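J.: Residues per chain are reported as follows:
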Amino acid sequence: MSAVIPIHAGSGCSDAPVLKERGQREVFCGLTGIIWLHRKMQDAFFLVVGSRTCAHLIQSAAGVMIFAEPRFATAILDERDLAGLADAQDELDRVVKRLLERRPDIRLLFLVGSCPSEVIKLDLSRAASRLSQQFMPQVRVLNYSGSGIETTFTQGEDACLAALVPVLPVSMQQQAPELLIVGALADVVEDQFSRLFNAMGLKQFAFFPSRSSTALPAIGPQTRFLLAQPFLGDTAKALEARGARRVASPFPLGAEGTTAWMQAAGAAVGLSAATVDQAITPARQRAELALAAHREQLQGKSIFFFPDSQLELPLARFLSRELGMTLTEVGTPYLHRQHLAEELAWLPAGTLLSEGQDVEKQLDRCRAARPDVVVCGLGLANPLEAEGFTTKWSIELVFTPIQGFEQAGDLAGLFTRPLTRRQLLAA
Amino acid sequence: MQLTLWTYEGPPHVGAMRIATAMREVHYVLHAPQGDTYADLLFTMIERQAKRPPVTYTTFQARDLGGDTADLFKNATREAFERFRPQAMLVGASCTAELIQDDPGGLAQALALPIPVIPLELPAYQRKENWGAAETFYQLVRTLAVKPTQPREKGGQPRCNILGPTSLGFRHRDDVREIRQLLEQIGLAVNVVAPLGASPQDLARLADADFNVVLYPETAHQAASWLTRNLGQPATKTIPIGVAATRAFVREVAQLAGLDPDAAATEAQARSAWYAKSVDSNYLTGKRVFVFGDATHAIAAARVAARELGFKVVGLGSYSREFARDVREAAAQYGVEALISDDYLEVEAAITAAGPELVLGTQMERHIAKRLGLPCAVISAPVHVQDFPARYSPQMGFEGANVLFDSWVHPLMMGLEEHLIGMFRGDFEFHEDAAPSHLGGAAKPVPIALPAPEPDKQEGPAAAIPAAWAPDAEKELRKIPFFVRGKARRNTEAYALSKAVPVITIETLYDAKAHFSR
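From first to last, the protein sequence lines stand for chains A and B. Count the first sequence with full-length UniProt numbering and you get residues 1 to 427, in order. Count the second sequence with full-length UniProt numbering and you get residues 1 to 518, in order.
This is chain B alone, in the form it adopts within the complex (with noise of 0.2 Å):
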């Protein structure tokens, strides 16, 4: 048994709910008991669907368990076909029907219906939504991918499958839009994009494709070497988040497409590269940045927050378990330990701990940054009603990186607020306790009447105080700049300690600061 407040992920069968209702002409029959619709509201709420999700429930109670579930099972599933005519089927159980142990597979079967029907097992107690998502995929795959009699003709233009896209997936629907526009500019047809939108006769046709794009791992990895095996497809491997990471995406692409890679990334455009060296976010150098997702976009976002923004990686972590040896050896190389976790109150520890001055996660991450008073964006699902946008915003390629470097920046003090801030500090309306102005609203007309020693709230409670501050020295810290003040203090608390201080006084802190500017 596990304690648990909150969970990052749904059951497996949502997921599978994710790849039905991300495709057309698939019906889903769910073995599960009455309540378990409430995941169809995720579907019509926050990613406001305008159509009900695929599935139909088999709502046994407890006066059916007797015996007759079976029955309600057979009935739902035959009514299920008779009403929405679907090209192929999935069956499969919920939590609680995994216990009952009857056999969706096996009953539907007995059905003899005459379309595909493809038992899902989705062990609801060991595994969670993505790898549920990941595996319905595969066996649609499976099933519905044809093999051709005989080899594709050679020459002609070549031709991809966009492989991941689910329903319910962060910026699905606009990365798909981004990155079919940048295939088609280089030259590339796309064969079929799937689940989202494909149909399984699509799915019958993956095999007309000379490679496919992985734009999700989470989703598309196993049904994706699948095909690499049995159809000899193979798949790209780059994530094409952030300018570099897109470049070398084109790159990839163009040499599997038998393109020129060169000539391809040529087209390249971001305005966010331009943005990053303007001298207004010269103040994002070294901002400390904790990152946590889905490894996908975690690994992503903390390649771009270090080699294109600027930013110091101080912790970077997941909750998809099933890919965290890739974030161990991404963390690696920031320095810093990864955390592999969907507990989040580890998480809230950790970043307590680490004391960042941005946040970069989930609509959980977003929650704990709030209540820690720290600038947050979301880079990663689960999220909430407002990151489906109506307007465009994708996170991949060339637009996503624009979108990522406005919706990351923005939280944060923008550098000419930040200076000005410095200068007038202790301005009325003008001081540091100030949200940002594009955020807070107006700021509130506080009495500058600063408490006096008082730890700053950037540096988080978790760092220990070796020597205690003499009065004038806290005073002496104090006009420092805030933004850089957390780090004056860390850095001269770890000087006075490693020279055995046991009283900071105004000497310390610059002799601490002479030690630390070689």
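For reference, chain A alone in the conformation it holds in the complex (with noise of 0.2 Å):
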């Protein structure tokens, strides 16, 4: 029940080809996923068992957050540990018991393996089921890996939620479908969402993660999930390996794309389009309002990506179809093509996708297009200001809340306001 969403094949991107690069990459491993996992998670505490450049990444990422005595922390690896592995899994038991006495509030631990803790194979999943083992029922001890050499950025929520979906209770409900809103979300669009989803009449709905450990989602062959962000995949495999079914559609970014997503969520518990369009009609208007004045400053701009967070393609969509910005480049870390099919039927034919990077010749041809806003990472936005590019800086775009019809203004805010401001002070 898809028809919602009118694609037709073969349009858009569907078909068109990817230059694919590897290279020296300008971003973030998947250990800075902790930064907003830790937040959503109120009982949760992220234990990265790595080196100091981990423990000095996440400080600067997290910046003066880690001061309100976090949920995160590192166990630095020192010589002795290299020397031999047993002794590297007794000294985690020590460090953990030393941990969970200090906060007993924690339900839930996560040890994340970083590269270094994967170069030497120290084996943490085993870590893990020991410590669970002497530590429930009040806390339980799962692990992930948000290492650099197999994770990117977002991808360490990913890895981080798939661990988490083999502990997901077994749904008793046999017979009507339950939807599962799969993505960590802002608490105050996942606010919006549920109101939405009631006043549409939907009453079997979770959110994954869930704000507690202790109230996690159940799950079953009727759950159907609807994926809030494009960088799941690991998740989404996971949950279809517990029986669970993925409802295709674009993401919520946009009013487009949110009503879209809806419609999708809507069909999935067999609601009809007309009951779904009463509901969201009043914010989706808002919506289309809010973003009206942004369209005229937008209009007709070119933008590049740098890839980062994989929310590339979803929002070059929004900003094309939605504002009317032209895409030079679009590049994404990595480019899962089932998930994003309907953002690639929407995408403008001829758009170049880029998946993986090699920073100096991407930046070559970043120079070459003359984008009007290049989006990418604070390591080259200085830089590529000082050259006298207009830029956006992504990582605000992971951690500001920007789906749902009442950020649709927002989200386009993000990008009006560097050229507002170059406007302001070259005037």
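A few of these clues could be false.
As the list claims (entries may be wrong) - Per label pair, the in silico range of CB-to-CB distance:
1) B:His384 to A:Ala386: 15 to 25 Å
2) A:Gln42 to B:Ser278: 47 to 57 Å
3) B:Gln386 to A:Gly324: 33 to 43 Å
4) B:Trp274 to A:Asp105: 51 to 61 Å
5) B:Phe84 to A:Gln299: 50 to 60 Å
6) A:Ser125 to B:Leu65: 50 to 60 Å
7) A:Arg22 to B:Lys51: 20 to 30 Å
8) B:Asp208 to A:Leu424: 45 to 55 Å
9) B:Ala390 to A:Glu69: 27 to 37 Å
10) B:His384 to A:Ala427: 26 to 36 Å
11) A:Arg211 to B:Ala353: 36 to 46 Å
Hint data in this document are derived by calculation from the structure and do not stem from the laboratory. Remember, it's a predicted structure, so these values are computed and weren't measured experimentally. Every residue gets a Cβ at the ideal spot worked out from N, C-alpha and C, and that includes glycine.
With the hints as a guide, bring the two chains together.
T.: Structure, rendered in structure tokens:
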């Protein structure tokens, strides 16, 4: 029942060739995901097993958050740990014990693998199951890898959620389909979505990850899951392995994207398009109104995306279709063709898509294209500004609430602001 | 394994990046996994550099670990050379690459590039950022400094090098300007400033100077000692932070340059000395200050606090283990035990126990102080973006002394303000919980129903309570101006303990006052 999204075979970029590149990558590793995940899961603690570099990375990315007795830390490996593996397991037990004594409020502990721990093949899954046995039922211990050799930025969330899927309870309910929204969303966005679902008359829905680890959503064969984020390949696979079925949809960015996403949610549980439409119309109209002002400023401006979060394709689709921007190159660290099929179909034909990165070559292409706006990481933003480009730093797109109708105007505003600023300062 | 929530220093390869980024015409090829590029944003965001750090990362991924990481490294090095055409290259491994045991030095050598390629051995599981910076600078100097074939001709204007300033250094940019100006004022020529702003060609002519000025021993001590041993260049020992130290520095430099030390020192001018003497600063006398930072800045700050501002140093510590001995010696002068630690929870505990009225530290101490409700000023790295200011604000030299005075005294109540609060204590908009007017904005009108017996926040929770306070004595204690009340409470309790008085009455309070005023 996906008739709500008119997709014609061969339209847009569905069959477009993708420039695949390898070389130096200017991206974060998956450890960075901890920074927003720990805010979402309020009784979870993230213990990175890694080097001083890992600790330094998280502290650089977390800024000042680290001081509010944060729920993440690093067990820094030293020479003695590198000498023998048995010893490292004992050390880990000691560190975890000390940590849990210090933080008795913790119910879920993630042992997060890093490049060093992966390379020395420290078996964190064995450690997690051993520690789980020791501390259950008080604390559950899980593990996943946020290493740079395996994950890029938001893929850290994918790895974390995929590790959580096997412990989700089995749903006892057998008949009517239940809807599961997958991907960490800001609380404010989650609440808006809940209100819209209620207005649609949708009763059985839950969000994953949940705010508390003691209230994890139950899943079973009647579960239909809808991705709220485009970077959840492994999580989707794990959910499917437990019998849940994915609902295909574009991602809820912009008025159009959110409408299609809401329609997909409704259709998945058997609601009619008209019912959904009625429930979401006021919010959709507000979003369209909010976008109109930004459209004037962005119409016809060109934009270039460096790879960062896998949000690039949905964002490019939103900027081109709803705000009239011209796409030069849209880079993504990883392109999941199946999950992004609807997005690809909506992208204007002829868009240059690139997967992976060779940063020096990509910078050459960016300079040659002379886009009006460049979306890139903080390592590139100021140097590109100094070369005369207007940039929008991409990490903000992950930390700011951008999904849903009420945020559509804010999302557009993230792209108009640097342009406005440039005009103001030039005047 | 060490459980860490916060680290004062990054890994050693970040230290190497600080050297490479500070210099010109140098390129660093770092064998590292995807993600280690995070360090770029320290330079582009915190220091607000307009260029990318001159670092190429090999960015190996899990699928590369089978065997071609060495090829990856060679390709990255070759391509970096062709693209950037530097005068010299640094090659090395980050913590993960150290484990996979490719040999960056050997691999780079096999490429036979037509420039010096310097391999860096930075043990990431033993050493840290400052060590990495010092080692990198030392290797660069050792490789590139050319030993003159014949001794330099005597006579002519005396010359020196300025060693130590790096990228991401706390106020290095302005310290260099201040010290260069000072040196030129007394008749010296500055030969090379390194690593900040120097190229490999500049390092090659380090030998053209008579001696070296070491501004930051954390980064330059090792290179300077090598230059002393191999080129016979003496190095300065005094760190010119504070008025007295700057004067001593001028004398030391003049002596090394063969100039008249007394004549050189008379130029010395700083407003801070007069400011510290002015009556408004009377209230600074004996203010309890806790100092923590890198060894150089912490030692200097403690000296300025005690000798030039009349504070009482109640704690001194550093995260620089390499210079622990110097910090211990300095701490002994103030009768405190040095805290050598890189665990910020330990620092927090020490600050709480010492009960200071002002904290001088790093970014972390700023947050600790905020949590404890204490005034604080930043004196050392690590620092955040606001401590790479647009305005001129050195720490060194005479202008540096002025900057120190302003930035340390600012978070405290100024004398007059404190006096007024003492007079109008309890006034609805001018009470002890109001932040200094220049910090907290408008005072919130707070109902003056002061919570009755509550320990003063100035003394810190660690102060054990030996005897109970009788309610009327507690009430009497509150009549004492709050900025000395903590001291009064401590003294009274100590007195009660020494006399084995079980309950502190008004009598005990005044007995203690009399006892301590002798």
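J.: For each hint, tell me whether it holds in the structure or not.
T.: Tested hints:
no.	hint	in the structure
1	B:His384 to A:Ala386: 15 to 25 Å	holds (21 Å)
2	A:Gln42 to B:Ser278: 47 to 57 Å	holds (52 Å)
3	B:Gln386 to A:Gly324: 33 to 43 Å	holds (39 Å)
4	B:Trp274 to A:Asp105: 51 to 61 Å	holds (54 Å)
5	B:Phe84 to A:Gln299: 50 to 60 Å	violated (39 Å)
6	A:Ser125 to B:Leu65: 50 to 60 Å	violated (19 Å)
7	A:Arg22 to B:Lys51: 20 to 30 Å	holds (25 Å)
8	B:Asp208 to A:Leu424: 45 to 55 Å	holds (49 Å)
9	B:Ala390 to A:Glu69: 27 to 37 Å	holds (33 Å)
10	B:His384 to A:Ala427: 26 to 36 Å	holds (31 Å)
11	A:Arg211 to B:Ala353: 36 to 46 Å	holds (37 Å)
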